[in-house]
Amino acid sequence: MIDSFVVPLLKILIVLNATLVGVTYMVLLERKVIAWTQSRLGPMRVGPYGILQPVADAVKLMIKEDITPVRADKWVFTAAPIISMVPALIVYAVIPFGPEVSLFGRRVSLFITDVNVGLLYVVSVASVGVYGIILAGYASNSKYPLLASLRASAQLISYEVAVTLTLVSVILMSGTLSMVGIVNAQYNGNVWFAFVQPVAFVIFFIGGLAETNRAPFDMPEAEQELTGGFHTEYSGMRFALFFLAEYANMIVVASVATTLFFGGWLRPFPNVAFLRFLDLIPSWTWFLLKTFVFLYIFIWVRATLPRYRYDQLMRLGWKVLIPLAIGNLVVTGIVKVLMVMW
Amino acid sequence: MGEAIAFYTLAAFILGFAVLVVSTKDTVHSVLFLVLDFLFVAALYVLLSAPFLAVIQILVYAGGIVVLYLFVVMLVNLKRPPEAHQDPRRRSKLGFGLSVAVLLELVAVGLIGVNETGRPVTAAASVMPVSGNTEQVGWLLYTSYLIPFEIASMLLLVAMIGAIVLAKREL
Amino acid sequence: MITPTHYMLLSAALFMIGVVGVMVRRNIIIIFMSIELILNAVNINLVAFSSQLHHVVGQVFAIFVIAVAAAEAAVGLGIILAFYRNKETVNIDE
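Residue numbers (the numbering used here), protein chains in the order written: chain A, 1 to 342; chain B, 1001 to 1171; chain C, 2001 to 2094.
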């Protein structure tokens, strides 16, 4: 009873809370890091070194007036931010933070569940997340958000193809679709997949940047373009939901990249006994550390690179990344067959 | 018992949303009800121990095909008001007549045929050397059904080229 | 106890709803969506029997049905777009 009901419930609560807190502090992290890149300090007033800035932001957004445009589709208008946020949160059901450990005298696995189609589940949930953007633009009943949302969703579904193809290469390497199985395959093979599949990793990262509408691919939602993109008509808590959904998606992409390409919860060189002292750091800490490195790279890229124009963006997705991903898949397949034949 | 509750709940939602798809005046709402319908059908597949198919259903149907429908609806709907009053002509009577006939037939099948278990099928099974739903589906797809698989991929290629040619503005 | 008969009834009901949709509605896009409902009804039937007979060939067939539905939706919507560009209507009576 406890094992089948209470423990998963606790895990869900912990993961959800950690995600939501993490998302709000991502906002602060981004502002700080971009500020430091630009030789300034970022938010410093609220709390020591600006630590309480997300609290101030949350309060501001919550007390803002909730405006719904006239003749907007009310149900769809309300539902769109929720449809945007929910997929970003439910992906955490399959992401493994660590192996089975002993906690308080019972064996607890540090992931909520291990579906044996886990990776496909992640991809399918990401493809449902497109609806939030399409519906937001449509429900606002005004020209600019509609155009921006169509552009943003076209961008998302284009890069989805490239990302899914790279995931197929990873599946070829690991032989299983389950996320825990992929981490175990990296453990058994003694190498992180990023070193075996560098092209796939790079394509996944670029595709992840485009999927989450992050710079340099954030044309559909940048303030200077199209008067603010598909969430122009949203204010207050609904806008906050979109905002948070974007950061939650970012954390999801970072977590998935960590699991698939960087060994998940494995420490560096898990088979080298010399580095056994690194085992003092618990597995989930390694996971969080690697995810944090990815998030930092996301913000770093935003602070550094200029924005892509929309046609350049689509050209990159269709004419460069997809052929590269297919080529990578073909080469991986050939190498796998040759290795088996020898 | 749990399976029965799950089945009846899912069936109620699936049929309810299907009726809403067919009867809503606003096309965009109709598309949204279709998405929800597909998600519940995917849940039904999970209940039927077909997790791979459930995820494929969400990925392809709900995340691909219906997005396509939504795009076309939005491109087409821009100036058009919702559909006018329905045409109460012969066609709808024929449609409802047909469905009543099928319904009666189903009720008859349900009442009469429910006790027969049918011939036990020796599932023409090549014993598959893999276990796990995805692996078994993959095994079948690549051994017994390889030719349909290749034809299906060619069909998708042809459909892709055809859709692009049809929808381009200038040829 | 849920027997395949229950799934067959569900599938037939969904099929019927799809057929009614095709026959009654005039908006071509809703007709296409009703066709998708029909295809889903067939899929439910296939998967239910695959689950009862413990052989995955039903699911393989269902995957083919999904692939064909995707191809058909793409081409059909392309045709609708091309038609709409010429005649500015999606009503099948006009």
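Honestly, the hints are just simulated from the structure, not real lab data.
Ideal placement from N, C-alpha and C gives every residue a C-beta, glycine not left out.
Don't take each hint at face value.
What the hints assert, rightly or not - With a straight-line Cα cutoff of 30 Å, these simulated DSSO-like cross-link-like pairs (lysine-lysine) come out:
{"id": "1", "chain 1": "A", "residue 1": "K143", "chain 2": "A", "residue 2": "K64"}
{"id": "2", "chain 1": "A", "residue 1": "K74", "chain 2": "A", "residue 2": "K11"}
{"id": "3", "chain 1": "C", "residue 1": "K2087", "chain 2": "B", "residue 2": "K1025"}
{"id": "4", "chain 1": "A", "residue 1": "K60", "chain 2": "A", "residue 2": "K74"}
{"id": "5", "chain 1": "A", "residue 1": "K319", "chain 2": "B", "residue 2": "K1093"}
{"id": "6", "chain 1": "B", "residue 1": "K1025", "chain 2": "A", "residue 2": "K74"}
{"id": "7", "chain 1": "B", "residue 1": "K1093", "chain 2": "C", "residue 2": "K2087"}
{"id": "8", "chain 1": "B", "residue 1": "K1168", "chain 2": "C", "residue 2": "K2087"}
{"id": "9", "chain 1": "A", "residue 1": "K74", "chain 2": "A", "residue 2": "K143"}
{"id": "10", "chain 1": "A", "residue 1": "K60", "chain 2": "A", "residue 2": "K32"}
{"id": "11", "chain 1": "A", "residue 1": "K64", "chain 2": "C", "residue 2": "K2087"}
{"id": "12", "chain 1": "A", "residue 1": "K64", "chain 2": "A", "residue 2": "K74"}
{"id": "13", "chain 1": "A", "residue 1": "K143", "chain 2": "B", "residue 2": "K1093"}
{"id": "14", "chain 1": "A", "residue 1": "K32", "chain 2": "A", "residue 2": "K74"}
{"id": "15", "chain 1": "A", "residue 1": "K336", "chain 2": "A", "residue 2": "K319"}
{"id": "16", "chain 1": "B", "residue 1": "K1093", "chain 2": "B", "residue 2": "K1025"}
{"id": "17", "chain 1": "A", "residue 1": "K74", "chain 2": "B", "residue 2": "K1168"}
To be verified - Listed next, with one range per pair, are the computed distances between beta-carbon atoms:
{"id": "18", "chain 1": "A", "residue 1": "L10", "chain 2": "B", "residue 2": "Y1008", "range": "53 to 59 Å"}
{"id": "19", "chain 1": "B", "residue 1": "G1162", "chain 2": "A", "residue 2": "R45", "range": "48 to 54 Å"}
{"id": "20", "chain 1": "A", "residue 1": "V199", "chain 2": "B", "residue 2": "G1162", "range": "27 to 33 Å"}
To be verified - Listed next, the stretches of chain B that the computed footprint assigns to chain A, with coverage defined by at least 3 CB atoms under 8 Å from CB atoms of chain A:
{"id": "21", "region": "1060–1066"}
{"id": "22", "region": "1145–1156"}
Results for each hint:
Our distance criterion of 30 Å between C-alpha atoms is met by K143/A and K64/A, whose separation comes to about 24 Å. Among the hinted pairs, K74/A with K11/A is inconsistent with the structure: their alpha-carbon atoms are about 35 Å apart, more than 30 Å. Taking the CA atoms of K2087/C and K1025/B, the gap is near 22 Å; set against the 30 Å cutoff, the hint holds. Taken as a hint, the K60/A and K74/A pair is honoured in the structure, with Cα atoms around 24 Å apart against an allowance of 30 Å.
At roughly 51 Å between alpha-carbon atoms, K319/A and K1093/B are farther apart than 30 Å, so this suggested pair is violated. With a C-alpha separation of about 16 Å, the suggested pair K1025/B and K74/A falls inside the 30 Å cut-off, and the hint holds. Distance check on the hinted pair: K1093/B and K2087/C sit about 29 Å apart at the alpha-carbon level, within 30 Å; holds. For the hint pairing K1168/B with K2087/C, the CA-to-CA distance comes to about 16 Å; that is within 30 Å, so the pair holds.
Distance hint between K74/A and K143/A is fulfilled; the C-alpha atoms sit about 17 Å from each other, no more than 30 Å. Restraint check for K60/A and K32/A: satisfied, since their Cα atoms lie roughly 19 Å apart, inside the 30 Å limit. Annotation: proposed proximity of K64/A to K2087/C is violated, straight-line Cα distance about 46 Å (limit 30 Å). For the hint pairing K64/A with K74/A, the CA-to-CA distance comes to about 19 Å; that is within 30 Å, so the pair holds.
About 41 Å separates the Cα atoms of K143/A and K1093/B, which puts this hinted pair outside 30 Å; it is violated. Of the supplied pair hints, the one linking K32/A and K74/A is violated, its CA atoms being roughly 37 Å apart against a limit of 30 Å. Proposed proximity of K336/A and K319/A is supported: the alpha carbons are some 26 Å apart, at most 30 Å. For the given pair, K1093/B sits about 19 Å from K1025/B by alpha-carbon distance, which is consistent with the 30 Å threshold.
For the hint pairing K74/A with K1168/B, the CA-to-CA distance comes to about 34 Å; that exceeds 30 Å, so the pair is violated. Checked against the hint of 53 to 59 Å, the C-beta distance between L10/A and Y1008/B comes to roughly 30 Å, which is inconsistent with it. Range check, G1162/B to R45/A: Cβ separation about 60 Å, and the 48 to 54 Å hint is violated. A hinted range of 27 to 33 Å holds for the C-beta pair V199/A and G1162/B, which are about 31 Å apart.
Counting residues of the region 1060–1066 of chain B whose C-beta sits closer than 8 Å to any C-beta of chain A gives 3, which meets the bar of three, so the coverage hint holds. Against chain A, the region 1145–1156 of chain B contributes 0 residues with a C-beta closer than 8 Å to a partner C-beta. That does not satisfy the three-residue criterion, and the hint is violated.
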